[in-house]
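Order-wise, the sequence lines are chains B and A.
Under my numbering, residues 1 to 481 are what the first sequence spells out, in order.
Under my numbering, residues 1 to 438 are what the second sequence spells out, in order.
Don't read these hints as lab results, they were simulated from the structure.
The structure presented is a predicted model; accordingly, all values stated were derived computationally and were not measured.
Be a bit skeptical, because a hint or two may be false.
A few chain A residues facing chain B, derived, Cβ under 8 Å [claimed, not checked]:
#1 G70
#2 S71
#3 V194
#4 E308
#5 I325
#6 G411
Cβ coordinates follow ideal geometry from the N, Cα and C atoms, glycine included.
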Amino acid sequence: MELTTDFLRALARIVGPRGVISSPEGRLTYEADMHTFYRGAPDAVVLPETAEQVLEVVRLCRRERVPVVPRGSGTGLIGGATAPVGGVMVSMNRMDRILELDFANRCATVQPGLINLWLSNATRPHGYYFAPDPSSQMVSSIGGNASTNAGGPHCLKYGITVNHVLGLQVVTGAAELLWLGGKAQERPGYDLRGVAVGGEGTLGLVTAVTVRLLHVPEGVKTALASFPSIEAASETVSAIIGAGIIPSALEMLDQAMVRAIEAGIGAGYPQGAAAVLLIELDGPAAEIEAQSRRIEEICRRRGALEIRVARDEAERALLWKGRKEAAGVIGRMTPNWLLQDAVVPRSKLPQIMSEMLAISARHGLLIANVFHAGDGNLHPIICYDDRVPGQLERAKQVNEDLLRACLALGGTVTGEHGVGLDKVGNMPLQFGAADLNFMARLRRVFDPDTIMNPGKLLPDHPACGEGFRPGPARLPTGAWV
Amino acid sequence: MAVSSPALFGALSDIVGSSQILTDRAALAGAALDGIEPRWIVRPRGLEDVSRVLALAAAEGLVVAPRGAGSRAGFGNPPRRLDLVLDLSRLDAVIEYVPEDMVATVQAGITLGALAERLGEKGQMLALDPHGGRARTVGGVLATNSSGPLRFRYGTGRDLLLGVRFVQADGTVTWGGSKVVKSVSGYDVPKLMVGALGTLGVIVEATLRLHPAPAASGSSLVRVESPSAVQDVLAAVLDSPLEPDRIALFNSAAARRLPGSASGPALLVSFGSVEEAVKSQAESLARLAAGHGGRAQPAPGSVWDRLEEHEAGPEPIRLILGCEIRRLGHWLGELERLAAAVGAPVSVVGEAGNGVLRASLAAGGDGRALVRELILPLRSGLESEGGSLVVETMPARLKAECDAWGAIAPGALAIMRRIKQEFDPRGVLNPGRFVGGL
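Extracted from the complex, chain A is given alone in its bound form (with noise of 0.2 Å):
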């Protein structure tokens, strides 16, 4: 360490102001990740802090973590060291809001709740719903390019991220992309720091790409047999020329906390357009539902809200299982499979269009046979055939025993590497927690 933590303390402080540095003892371990403290929490006002703070910290050799809300805090692996945690929460606020071009400017601390009151005051969406997700940071959900139900017709935040200021590792404001629906000047750098986890800069503004919201809405559920009859019907809306907005797939133990009273697993559909188009589609669902062996019934519009209400108990570990959309079926069958063997109760909802399985299950006893006789093999199928398994959250315990992310492709990991090489060689954002110990 070139200077000591009083004098760091000061020039941080020379920077937000001390009263903008927490060291105390409960915000340190608040802040921890998987476990690792940080020395000092750092709140920075705007994009001219972030900046300085990062070029203090490479010239120092700091390792910064960036953080949002701090909902995803475990995601990714443990960092192999952590100095300063850098609070983006400050940076709340909504830069440009043109609502007739469909785009906002906003700051990367404000939460999708709080845009969402603010857009929709004009009748306008930000169409990205992860789990849990109103209370979750914009920088944070690009970070991690969380995602729920309505990518099936909007896309993740790769297609909905227009323009980013980020700041990089050694200081340097930077800005990719346009303030416009529709660019090609030169590369897509917004791409390339949605789901980076900020180890390749800190996101700190983000011009995003804007919906109208549908002026009606209309969800059905369709209760199924077996996950293979998930599979038949989930086929037949997406060959159809239906064109619902989310498609959310439940598995029998998540399916038992939605209306109705069936077992067996579920599919949840909704429709967003003019009412006349949302009725008659909910009863193209329903037909063609009922010739796969489905039976359909209309569900409230809330139950969307409650999806990330599959607490597993205190120690959880959910897994983002990514595999082919006509694969879904098996590996759900799989998954259930495997946590049944393993004696753990896995509640499972997934973007069925997309072919993501969101998993829930208790680590229990020491969790050990979980990763071992569950996770990796699991994990291990779907990679032989192009597909992932990452695990979004685990105690930190258990992630000695399996890497967060799994295998990437030897030629592909070799050139994120190098990226993370070229724009982060001396490792101080977020070092190690990302794929491959980047």
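Chain B with its partners taken away, still in its complex shape (with noise of 0.2 Å):
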């Protein structure tokens, strides 16, 4: 899509000529986000100082029907944050102050584009935390985490992105600046908050966040457990959520990661294991004593190998490194690979890791893992390398057949990776064409000329059924399905 003078100069009147970005080479930069894959630059990009800055760019784009995709700081793994179809895309990298710490009302209102991590470091010092923790957190930004309603580790005692959202402000595709929510908990109406987290940018932007703060536990106690085979470690995590204890994070790493974890970065892992087991608990001191012994005792009756607990803080922060650069020592087993996000029942966890390997054998590629097994969240890495012919077409093929089989056993499309451009294939396996058509309409509530991140989230399909309407001519709707 060609982008008039005069529309770029329209935009530079709003953010300033230095706000906009038209050459090729820098156009080029916004090109991607983290998936392996997927490609589109956008036509132009803004950097917005301001809420009212964003309201007048999206008022502008609606009114010529230009694609407006958003973008944090493009961690994101499902080619959300591309622009396969051109459009403005809306960095929110300007905007990344924290604008007020209310300890007394347990919140924060940050802008979008503060990085997760630090909302935490400031603080900290006080006692409170934000406990959204995806592995990207030291560079993924709250905006992004509250639109993708990103998960971690931690989701397992804490819940995801969503849970943790009181109130953001947005901007529609309808050209509204409103906020959804707010620090007063009980709210009449319709759940608006709880829609927008997780939108994808395909119903507003988001250009503020009140998010909840915990206070820091009393205790924290973190513990390695290497196990001989992965049946034996699946195992013993649906025992341990069976015997009534939820860890606040519970992490499966299997051989092929651990190796690639020390050859990297050498966090002490034990390689010769099959699968490593990554717990933690935190909370009052007690509970977490009684806690970790009931734990070991669940670890060793299932043939654990050794348990090692984190002695000291600077022990902890080293089990914590290798789980959570684990995406970037990847790159050690394989030049390229596809990421998968489904999740199962947690009770099926011994039976999709058995399914796993009988994939990978009779497609003859490695899959590695690293995922968050207490709530059944499974990233297989599938690994393949691209100059062999016919590699992609088969990796292609396991994430398939690895996506069909944890739905068979009841399971989700995605965990907390989002839909994007990656799983949007995959959304008529989990849904029916009315519910696909539900969520169809829901978005256009927010955006009825269908500017909001185009051909993200839902199939763009006319199959939806009735009530769905087609975008604008313009865009080319189903090309990047």
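Please dock the two separately framed chains into a single complex, following the hints provided.
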């Protein structure tokens, strides 16, 4: 899509000349997020500094029917922050301030571009932190976390981002600037806040977020348990949850992943084991003591080779370092990879892990695993080599087989990464036509002209049935699905 | 009306059988909403019946009000019209319960009490404890977004409803969400349905996140001198590493029903954990309270089952005040001041850690003074700082004086209107009862 000089001038009037990037090389920087192969450079990038500027940008784009794509830090894994049909990308990097810390109400209000970890860094000295902790938390933005409803290891106990968003200020696709929700928790009316979180920019752009802050717990205990087999580790996970214990995090890493981490950064993980569990408890000290004894007993009964408890904060940080930086060491295992994010009911973990081995063997591709075992959220890393003809196709087939296996067990397409471009084609596997139709109509309520992040989240097909209105002709609907 | 009443009865009978359509006077009077009686009470057997009844209603221009246990029949504004009450109490099955997943899928008409019994056998629970809850249905509790003290630790129905099967106003059966504890596949439709008062669809099945029932539980009653002292103790508890699962606030009148003889307001705090942690946290709480002018004493766990026992008299008025947590003491004080000025005794039990106060009063006399001199000024003050005052129960005759919900911010209300218009343009489901007359 070619933007006219007039249009670019109008953008510059809103955000200032230094707030618009329209050079080819400048735009190229914004053509991808962290997904392996989705590409799509916007026709212009704007860097607003206020919510009012965002509103003006959307108003202009709506008038001219130009697609709008939001972007936080670009760490998404689903191609959500790419512009496959061009348009204007709204980068939130300059809106990165903490607007208010309100400890008496246990909340903070921040601009969308604020880095996740910066908030906890600012609040920890006061005894508080922001619970959602995607592995990208050192670089990902809170607006992006809210927009994709991001997860992280500690979701197991504390829930995903939506459970921590009290309110958010948005600019809808209908060019309305408003707050949904807020500091008062009890509110009459439809839960528009709950709908907007996880909207992936298809309903509107997030311009501020009021998030819940949690008090730092009295104690934390982190342990690493290694197992001779994936099955033993999976059964341990089910047994811990089955015993009525919800650790704050319960992560699994398989042998391939452990080896890559040790070769890459050296976190001290036991390399000989077939699977490693990273288990963290937090809360009242007495509770941690009792529960950790119980967990140790469960691990031993399931044949744990070794149980190692972090003795101090430095050891704890090291145990987590391997997990948090897992994505960075994958390159040591494989030139290319696909990442799956499906979820199975937690009792089905042993079953899906053995099916995964079969799928891996059938297609002759390595699948490495590092994932949120406690809530059944898988992250199989499907390794392939782009240079070998046919491997990409096989990797895609593995991806599809895995997804179908998870859904057959009662699972879901995506646990925390989101749908974006990557899983838009999978949505009909999980939802029927009426279900997709309901969501599509909800989308049009917020975005009547279908300009917001087009092509993402929902399959843009007339197959969705009655009530689905096709988008404007200049968007090549269906082309990117 | 396109079709005559007998013909409609016939059409409804074809769906549910004539024995499942109630038309006798007493039943219809009992199902009235704010004095407006339906023409029929229809008792579907399952999902398909609900779908067919709604499709018929939509085609024939009938107005439908879904009903669970009927305990919140007077919630919201009076309906613009009412033809058919859809009684979901026969849909009371547990469809799927896998304890290892800590997830259960149930039909909407099952009561919280019946579900609690099933889950209790496995040491699990649905962490929703609205006042009077055991007799209420899952569907009704979700549609009204009712919650109780456990929301401090576990959230509300919006945090616990993972997936939902509902029937849209035109009879379309629709599924939203997932059956696993973690999912971001598409929009969070379950959240939209919670608290929508059945105005977007009738909840027929709910997939719920469960929690392990704590191994041990202990409660402490903290007595203080004044509403502002309540705020001080509350702030100290919240600003500590203590992890209560419930924090309830009682004003002086409500606190008189609690164990012990002291006067003044009180906080009731419970801890659910392993025994050692329950004990150590109760001790920490006692020290903390003493440092802020409060006196803590152990309380029996049974106190929590009696929260709803504040009958206010023949014409009860129940209000739900929502405010910022740090303003709770202020609004409690305001409420008591205004109540004293109109001479109306008020009993307050609130979810202190969530900024919620539940007030019980009696209409007394014609009740209009109470609306004009207490409810409306209090609401206007709360709304001016982002809070709300919702009327949960009120004699129908007073509803003309007082919207049940209060004002919604215009921008958000505009979107809510568009949603209602999109999914129920003809106003089949509970028209007029929800916010903004939706």
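What are the numbers of the hints the structure violates, in ascending order?
Of the numbered hints, 1, 2, 4 do not hold.
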